[in-house]
Amino acid sequence: MMKGKVLAILWLILMVMPSGCSVRLVSQYDADTEKAIVDTAKKTDLFYGKVLELPQDQRHYASLSDQYVSIETDIRSLVLRNEARRLNAESIEQSKILLNLWLGIKNDHRCRQDMAKLKDDNDRKELTAFCIKWQQDDNCTGFIDECYKTVDACREDCKNAVKLKWSKTEERLKDTYKTALARIDRAQLKNVFFYMLIGEKLKQDSAEKK
Amino acid sequence: MDFDINKTLEDMLAAATKVFTGKWPEIEGIVKTIMQNEKETLLMIAEARLNGEIDDDEMKGRLKQEKKVFKAGLLAVEIAGKKMAQDAINAALDVFWKAVKTALVTVL
Chain A
-11 MMKGKVLAIL WLILMVMPSG CSVRLVSQYD ADTEKAIVDT AKKTDLFYGK VLELPQDQRH
49 YASLSDQYVS IETDIRSLVL RNEARRLNAE SIEQSKILLN LWLGIKNDHR CRQDMAKLKD
109 DNDRKELTAF CIKWQQDDNC TGFIDECYKT VDACREDCKN AVKLKWSKTE ERLKDTYKTA
169 LARIDRAQLK NVFFYMLIGE KLKQDSAEKK
Chain B
28 MDFDINKTLE DMLAAATKVF TGKWPEIEGI VKTIMQNEKE TLLMIAEARL NGEIDDDEMK
88 GRLKQEKKVF KAGLLAVEIA GKKMAQDAIN AALDVFWKAV KTALVTVL
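Protein chains in written order, with the working numbering: chain A, -11 to 198; chain B, 28 to 135.
Just so you know, the hints here were simulated from the structure itself, not pulled from any lab data. Keep in mind that the hints are not guaranteed to be accurate.
[What the hints assert, rightly or not] Sample of chain A residues at the chain B side, in silico, Cβ under 8 Å: (1) E81; (2) N88; (3) G92; (4) D96; (5) R171.
[As the list claims (entries may be wrong)] Calculated pairs, DSS-like style, for lysine-lysine (alpha carbon to alpha carbon, straight line, at most 25 Å): (6) A:K23 / B:K109; (7) A:K84 / A:K178; (8) B:K94 / A:K31.
The beta carbon of each residue, even a glycine, is placed where N, CA and C say it ideally should be.
Can you build the whole structure from these sequences, using the hints too?
In structure tokens form, the structure reads like this:
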């Protein structure tokens, strides 16, 4: 009799529950994140549309820095949004790649200023130092900074690397953002946004897709 | 109690296989799209260098960037793989759950 009651209760529980238990390996789909990816991608593409409309010699970093910072903020918010979700390692890494890419593009553009237009000597020195640091080679990471301060004390190859970077940086500072580079950057960023969007959409369950 | 564990395991495997077979073309499609995007961007970089629009250093920089972009693509494939495994496990568990329910109904 007792056994029958237990089975009846168990049966009731089983009937009420749609499924036993489900395993989750990836985070749940988040519509707000999908929207944030699409919105930031659109904003970035609009930025490039405007940049490419400008004649090459008028694509000055200073006049675009506000837009760079605004997009950087949106991307940082995407990183944060992804970091706040469980089982989301891949999307976190994707958004960090995007941020890294954006900062690289932003810094590269910052380093393409016409030195002659910088009135203050300190501004020129500061910018050159920033650009050398930014353009340092992977195999010299950590050395360039030291070399810059105490050239005599560091390795010969890094000394040469610093000298080379100095000359190349000064050369590059005369340029502005080249059309070909802007087109490549636009395409690469579009692809990262697209991969992030694929990642988010894949998390949708069949029921959510309907 | 009408519960055949061997039959249930067979059905669970069949359910998981069905998910794998159904989802595989989707993953294949994602990989193909990534490779096509890679091809187009690499061609863009190569053409810009060959036309003299960018120098060696700039090409190196953009290739370095492309590595990161490719990694972001592979991460999407990783998500697809995990989601496929998740769906397969859940389909198999669902079969198990239904078999237990059916066995209980016959007992009662």
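Hints, verified against the model:
The criterion of a C-beta within 8 Å of any C-beta in chain B is met by A:E81, whose closest approach is roughly 6 Å, and the hint holds. Evaluation of the A:N88 hint against chain B yields a held restraint, the C-beta minimum of about 7 Å falling below 8 Å. Residue-level restraint check for A:G92 holds (minimum Cβ-Cβ distance to chain B is 7 Å; threshold 8 Å). Proximity of A:D96 to chain B holds as hinted, the smallest CB-CB distance being about 7 Å (cut-off 8 Å).
Evaluation of the A:R171 hint against chain B yields a held restraint, the C-beta minimum of about 7 Å falling below 8 Å. Annotation: proposed proximity of A:K23 to B:K109 holds, straight-line Cα distance about 23 Å (limit 25 Å). As the CA atoms of A:K84 and A:K178 are separated by approximately 15 Å, the hinted pair is consistent with the 25 Å bound. A hinted pair counts as satisfied when its Cα atoms are at most 25 Å apart, and B:K94 with A:K31 qualifies at roughly 24 Å.
Hint violations for this structure: none, all hints satisfied.
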